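As you go down the protein sequences, you meet chains A and B in turn.
Going letter by letter, the first sequence gives residues 1 to 304 in my numbering.
Going letter by letter, the second sequence gives residues 1001 to 1320 in my numbering.
Hints listed in this document are in silico derivations from the structure and should not be mistaken for laboratory results.
In this text, all values refer to a predicted model and were calculated from it rather than measured experimentally.
Where is the CB? At the ideal position from N, CA and C, for every residue including glycine.
Accuracy of the hints is not assured; some may be wrong.
[Unchecked claim] Mimicking PhoX-like on lysine-lysine, the simulated pairs with C-alpha atoms at most 25 Å apart in a straight line are:
hint: 1; chain 1: B; residue 1: 1062; chain 2: B; residue 2: 1158
hint: 2; chain 1: B; residue 1: 1185; chain 2: B; residue 2: 1196
hint: 3; chain 1: A; residue 1: 108; chain 2: B; residue 2: 1179
hint: 4; chain 1: B; residue 1: 1158; chain 2: B; residue 2: 1183
hint: 5; chain 1: B; residue 1: 1298; chain 2: B; residue 2: 1265
hint: 6; chain 1: B; residue 1: 1188; chain 2: B; residue 2: 1158
hint: 7; chain 1: A; residue 1: 108; chain 2: B; residue 2: 1286
hint: 8; chain 1: A; residue 1: 108; chain 2: B; residue 2: 1158
hint: 9; chain 1: B; residue 1: 1210; chain 2: B; residue 2: 1231
[Claimed, not checked] Label-pair restraints from in silico Cβ distances:
hint: 10; chain 1: B; residue 1: 1176; chain 2: A; residue 2: 97; range: 48 to 54 Å
hint: 11; chain 1: A; residue 1: 136; chain 2: B; residue 2: 1269; range: 22 to 28 Å
hint: 12; chain 1: B; residue 1: 1131; chain 2: A; residue 2: 127; range: 44 to 50 Å
hint: 13; chain 1: B; residue 1: 1119; chain 2: A; residue 2: 154; range: 30 to 36 Å
This is what each chain is made of:
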Amino acid sequence: MSLFSFMGTLEIGLIFGLVAMGVYLTFRVLDFPDLTVDGSFTLGAAVTAALIVSGINPYLSTLAGCLAGAAAGVVTAWLNLRFNILHLLASILTMTALYTINLRVMGKPNLALITDPTVLTPFEGLGLPNMYMKPLFVGFCVIAVGILLALFLKTQYGLAMRAVGANKRMAQANGIVVKEKVYAGLALSNGLVALAGALFAQTNGFADSTMGIGTIVVGLAAVIVGETLLSSRKMLIIICSCIVGSILYRLAIGFALNADFLGFNASDLNLITALLVGLALVLPQLRKEWKAKQAAIKANGGDA
Amino acid sequence: MKFTTFAKAAALAAGVFCTAAQAADQTYIATTAIVEHPALDSVRAGIKDSLMENGYNEENLKFTFESAQGSPATAAQIARKMIGSEPDLIVAIATPSAQAAVSASENIPVIFSVVTDPLGAKLVSNVEQPGGNVTGLSDMLPLAQQLELLQEIMPGLKTLGVPYNPGEPNAVSSVEALKVIAKEKGIKIIEAPAPKSSDVALASQKLIGKADAIYCPIDNTIISALEAVVKTGIDGQIPVFAADTDSVARGAIAALGFNYYDLGKQTGELVLRVLNGEKAGDIPVKFAEGTNLAINPKMAARMGIEIPASVTERATQVIE
C-alpha cells in the first residue's frame, strides 16, 4: 500500500468514523436499529452539494446538510413513536422516501463539485499537499466532533439518553421523558451521518444518488470491529473505537483491493472485505475460548 | 495487549501490501469502473484489445482493473490506491469512478469512458479544449446520427413526432437536444407528452396525420409502453423508430445504438494518443459513435415503408 493510498484510506476511514458514531448512538446507546442512515448519508451530501453549486458558502451548506440529516432522523423517530411503526420498518420507510428526495434535491442522479469551493478551499493554498491536508482537515473535524459527542453523552441529558437505551421502563420511572430522548438521539445520529456525507462529497468532488447504499453495514462493521479491539466503558474510548473501527474497515477494503496476488479478482472485493471483517470479529472470541481451555488444562493439572 | 497483537498483524499486512514492483519498461494502465456489468465489462475488453492491436502485449503492458462494486466510497478509495501506485495513465469507467479519479489525481492523466455528460459531471470545463490532464469518451446518444438514419430510410421526412414523459429529466434533456439537431436538418419536432404509461397510446395516436414518423427517445415511461406506440404505428400506417436497439425486437423499425465493446475501442484510441505523447488536456472529448444498427424489415412493411438496401446492408442486427 503506497503512502498516497494509505492517506486516502485514512481520510475515508475518518469520514466514515462519523457514520460509526451515528450508528453507535442509535444501535448501542438507544437500542434503536436505524436504517435511515443509508438515505441520510446521501441527503447530507445532496443538500450540501446542491447549495454549494448554487453559490452558498460551503460551511453554511455543510451545516444545512447536517440539519437536513437530523430532520430525516426526526421523521423516523416520529413514525416510530407517534404511529407505533416498528423501528426497522419506520427507518426503511424514511430511507426509501429519501432516495426520491435526494434525486429532487440534486435535480439529477449525480452532482459534481470538482471545480466548486468546498470547506477545504481555504486550506488549499497553505502549501501542504492535498494528500496530507485532506486527511488532516477531516481528522480534525472528526476528532472535534468525537470529543463533543463524548462530552455530550456525559452530561445529565446524555446520561438520560443512555438510560433510555439501557432500560426504557426504569428510565421512565425515574422521570426521563423517553420520547424526547429518542427524537434527540435519532436527530443527532443522522445529523452526524449527514455530516459524513457532506464531507465525503466535498473531499471527493461529487454527490451521487447511490452513495448511501450500504452505509448501515459500514457503520455497524466499524462499531463492532472497534468494540472488539478497544472494549471500554469510558465514553471517549468508545468514541475512539468507532473511529478506529472505521479506519480498520477501510484498511480491510484497501487490503482486499490488493489481494489480486492471492488469485482474487476485482469482482471478489465484497467477499474479501466480509471475510476480513468477519475474521476481526471471530478472532477475539476464539482467543477467549482458547485461553479458557488453557486455563482449564492448567487447573486440571495438564491432563484434560 | 490487544494493541500489540494488532500492531503485529498490521505490520504483517503492510508487508503483504507491497506487491512486486513493476518492471521499468512496462507501460502501466490502471482501469476502474463503478460496477461490473456486461456493458461496462465490454468497454474494458475493448480498451485492452485496442492496446493489444497497437504494439502492446502481455510483457510490455501492465493492465490492472478494480471494481467499486457499486459503492462510490470504494470508488474514491480505489482512485487513491491507483494514483498511489503511479500508473502511466488511469482509465475510469462511468461517472462516479471518473469523478473520484479526476478529483484525486494531480499529475497522472485520466481518460474517462462512457460518461454521458462530462460537462455536467465537471470532469472537463470545455469539451473542445479540456485543459488539465483529463479527456475521455462521452456516450451521449448519437442523436444526429440517429436522425440521419431516419432521413436515409425516409428521404421525405419533414415532421417527427416524439412521445415522452415531461417528468423524466433524461428524456426532457434528450428532447431539447433533439429539437436543436432536427432544426439543423430541416425536420420539425412535434412533442407528444405522456406523463404515465397509460397515456402513451393516446399521445402517439394524436400524432397520426400530423407527423411523418414517430421517434421514441430513451424514456422509461415510453419504453415500458412501447407496444402501444407500435400498435399505433401499424393501425395509423406511421413508421415508429427508437433510440435504443433493444426496442427494435419489440416492434420499432430501426434504431442506431452503442456496442459497448466498440466504445471501449474508441476509448482505446484516446489512451493510445496520450501514451504516444499527446497531453490529455489537449485532446477534445470524443463523442461516441453509434455502431449497432438494428432493423426490423417485417415491421417496416406492416407500417407501410420499406428499408432501403443501403441500410439493410450495414445492419448489425436484423429482426426476423
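Compare the distance between the alpha carbons of residue 108 of chain A and residue 1158 of chain B with 25 Å, and conclude whether the hinted pair is satisfied. violated, 33 Å
Take the C-beta atom of residue 1176 of chain B and the C-beta atom of residue 97 of chain A, compute their distance, and say whether it sits inside 48 to 54 Å. Taking Cβ atoms as reference, residue 1176 of chain B and residue 97 of chain A lie about 29 Å apart, which means the hint is violated.
Against the 25 Å threshold, does the CA-CA distance of residue 1210 of chain B and residue 1231 of chain B hold or violate the hint? holds, 17 Å
What's the verdict on residue 1298 of chain B and residue 1265 of chain B, does the C-alpha distance respect the 25 Å limit or exceed it? violated, 33 Å
Between residue 1131 of chain B and residue 127 of chain A, is the Cβ distance one that fits in 44 to 50 Å? Given a distance of about 24 Å, which is not inside 44 to 50 Å, the answer is violated.
Hinted pair residue 1062 of chain B and residue 1158 of chain B, Cα distance within 25 Å: The given pair, whose Cα atoms are some 52 Å apart, is violated under the 25 Å limit.
Hinted pair, alpha-carbon criterion (25 Å max): residue 108 of chain A, residue 1179 of chain B. Please report holds or violated. holds, 21 Å
Given the hint that residue 108 of chain A pairs with residue 1286 of chain B, test it: the Cα-Cα distance must not exceed 25 Å. holds, 23 Å
Are residue 1188 of chain B and residue 1158 of chain B close enough, with their CA atoms no more than 25 Å apart? Judged against 25 Å, a Cα distance of about 6 Å means the pair holds.
Cβ-Cβ distance between residue 136 of chain A and residue 1269 of chain B: within 22 to 28 Å? Given range 22 to 28 Å: violated, Cβ gap about 41 Å.
Restraint status (C-alpha distance of residue 1158 of chain B to residue 1183 of chain B at most 25 Å): holds, 10 Å
Between residue 1119 of chain B and residue 154 of chain A, is the Cβ distance one that fits in 30 to 36 Å? With a Cβ separation near 50 Å, residue 1119 of chain B and residue 154 of chain A fall outside 30 to 36 Å, so the hint is violated.
Going down the numbered hints, you'll see the structure goes against 1, 2, 5, 8, 10, 11, 12, 13, while the others check out.
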